[in-house]
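Based on these hints, arrange chain B on the given structure of chain A.
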Amino acid sequence: MNQELLKGHLDLLLLAIVAEQPAHGYAIIARLRERSGGTFDLAEGTIYPALHRLERAQLLESSWATGIGRSRRVYELSNAGREALATRRNTWQSFATGIQAVLGANT
Amino acid sequence: MNDERDLIAEYIDKLLGMLRVDPRRTRRILVESEDHLRETAERLIEQGATPAQAQATAIEQFGRPDVVARRFAAEEGRLLPPPLLLDLVLSLGLLFGIGMAAIGVSGALAAGMGTAFGQSFISGDPPEVTYTPARCAYLMADQPGSRDCEAAATAHHYGEVVGYRAVAGVLGLLVLGGWLVIRQRYPRFSGVRILPEGFVPTVGAALFGVAALLLLLQGTGSVAAGRNEGAGGYLSGGIVSLGVFAAFAVPLFRLLVSHRKTSAEIDEG
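Sequence order for the protein chains is A and B.
Here the numbering used here is used: the first residue of the first sequence is 1, the next is one more, and so on.
Here the numbering used here is used: the first residue of the second sequence is 1, the next is one more, and so on.
Hint data in this document are derived by calculation from the structure and do not stem from the laboratory.
For clarity, every value in this text was computed on a predicted model and none was experimentally measured.
A couple of the hints might just be wrong.
[Unchecked claim] One side of the interface only, derived from the structure: several residues of chain A facing chain B at Cβ under 8 Å:
1. A23
2. Y26
3. R33
[As the list claims (entries may be wrong)] Label-pair ranges, simulated between beta-carbon atoms:
4. A:T87 to B:V257: 50 to 60 Å
5. A:N79 to B:G93: 49 to 59 Å
6. A:S71 to B:A108: 55 to 65 Å
7. B:L180 to A:Q93: 32 to 42 Å
8. B:R260 to A:G38: 53 to 63 Å
9. B:R25 to A:T66: 13 to 23 Å
10. A:S63 to B:E46: 25 to 35 Å
11. B:R25 to A:T39: 25 to 35 Å
12. A:R89 to B:V181: 47 to 57 Å
13. B:L214 to A:R70: 50 to 60 Å
14. A:R70 to B:R25: 34 to 44 Å
Every residue, glycine too, gets a C-beta built ideally from N, C-alpha and C.
One chain only, chain A, in its complex shape (with noise of 0.2 Å):
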């Protein structure tokens, strides 16, 4: 898979995982790659930048979480997170059926 292909997606990838369930950054990661079958594995460290700026734009709020033995940050989807990646998904699925649409014709 290119890395740099994936990156330009990467921000809806993350806002689906979590809108599935609040996770913290291991489990996204994790769920990340076994709904990918392994085709998205980036260097887990550099998931959470892309998880802190998404929660600067306010797309994903984050809480500590104990109990666990260890303190661990918690993220789940805003309302704006939620908006953002109804739309994203939309021109995601746009795109990907004129993408597709054209590979067809010439097969």
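Quick look at chain B alone, frame taken from chain A:
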């Protein structure tokens, strides 16, 4: 696993040294990173890895600390100087400063040898050297109290050997002083470590080891052949180079022993 070598803790320390973000975010980034690494290691142990292997793999999957730090800095719009270049400049600056300071010390040693054994031992020309009338006139004018051209040449070169080395020593002290100021005033800026841990002692030991070998061979060879003129110039440099070589070789040896133990722990668990 050796409790004294916690690879994840070492990684977090490196990340702390490389992060250039709003200080209020630093603690959160470190806590999140450590939690992630420890959870990854725990899962790997559950799958059968040894603690040392699990930590090493968790760190490898997380990514190099400089890459992670640069990604955080980029998200905040902060520019970091290329860490490899920065580390290289600081490491070579340290080596240059030590080298120049060592030359200064060798100048002082040469001056001591000159006082004890005569200036000819430091800077005397070999007996077969001859001087043209013009060169002789220049040397006698430069060293008016000299009895002949040979003595004038010895005094002239002695001043160069001791004087130039003293200037190099002062330059070395200035470079080392600047290096220390950068390290103390900008610990984050200068705390970047991309080059291998043993880079400075390896390069330093190699350079000064070769210098010591060549200079001591030249100096002792001259003395053994009964040609003492100028031998002290080589010997003073060789003796100081040998001392600096030892100063680099000892920590290098300790580092190699430490890495060997860690590798054995990871291999054997």
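Hints, verified against the model:
1. A distance limit of 8 Å between C-beta atoms decides the matter here; for A23 (chain A) the minimum to chain B is near 12 Å, and the interface restraint is violated.
2. A distance limit of 8 Å between C-beta atoms decides the matter here; for Y26 (chain A) the minimum to chain B is near 5 Å, and the interface restraint holds.
3. Below 8 Å, beta-carbon pairs count as interface contacts, and R33 (chain A) has none with chain B, the closest being about 10 Å; its hint is therefore violated.
4. Between T87 (chain A) and V257 (chain B) the CB atoms are about 59 Å apart, so this pair conforms to the stated range of 50 to 60 Å.
5. Checked against the given bound of 49 to 59 Å, the beta carbons of N79 (chain A) and G93 (chain B), roughly 53 Å apart, stay inside it.
6. The hint said 55 to 65 Å for the Cβ distance between S71 (chain A) and A108 (chain B), and at roughly 57 Å that hint holds.
7. Between L180 (chain B) and Q93 (chain A) the CB atoms are about 59 Å apart, so this pair departs from the stated range of 32 to 42 Å.
8. Remark: the range hint 53 to 63 Å for R260 (chain B) to G38 (chain A) is contradicted by a beta-carbon distance near 35 Å.
9. Take R25 (chain B) and T66 (chain A): their Cβ atoms lie about 20 Å apart, and the range 13 to 23 Å holds.
10. Under the hint 25 to 35 Å, the C-beta atoms of S63 (chain A) and E46 (chain B), about 27 Å apart, fit the expected range.
11. Range check, R25 (chain B) to T39 (chain A): about 31 Å between beta-carbon atoms, so the 25 to 35 Å window is met.
12. The beta-carbon spacing between R89 (chain A) and V181 (chain B), approximately 54 Å, falls within the hinted interval of 47 to 57 Å.
13. Between L214 (chain B) and R70 (chain A) the beta carbon distance is about 56 Å. The supplied range of 50 to 60 Å therefore holds.
14. Separated by about 19 Å at the C-beta atoms, R70 (chain A) and R25 (chain B) break the suggested range of 34 to 44 Å.
In the structure shown, a violation is registered for the earlier hints numbered 1, 3, 7, 8, 14, in ascending order.
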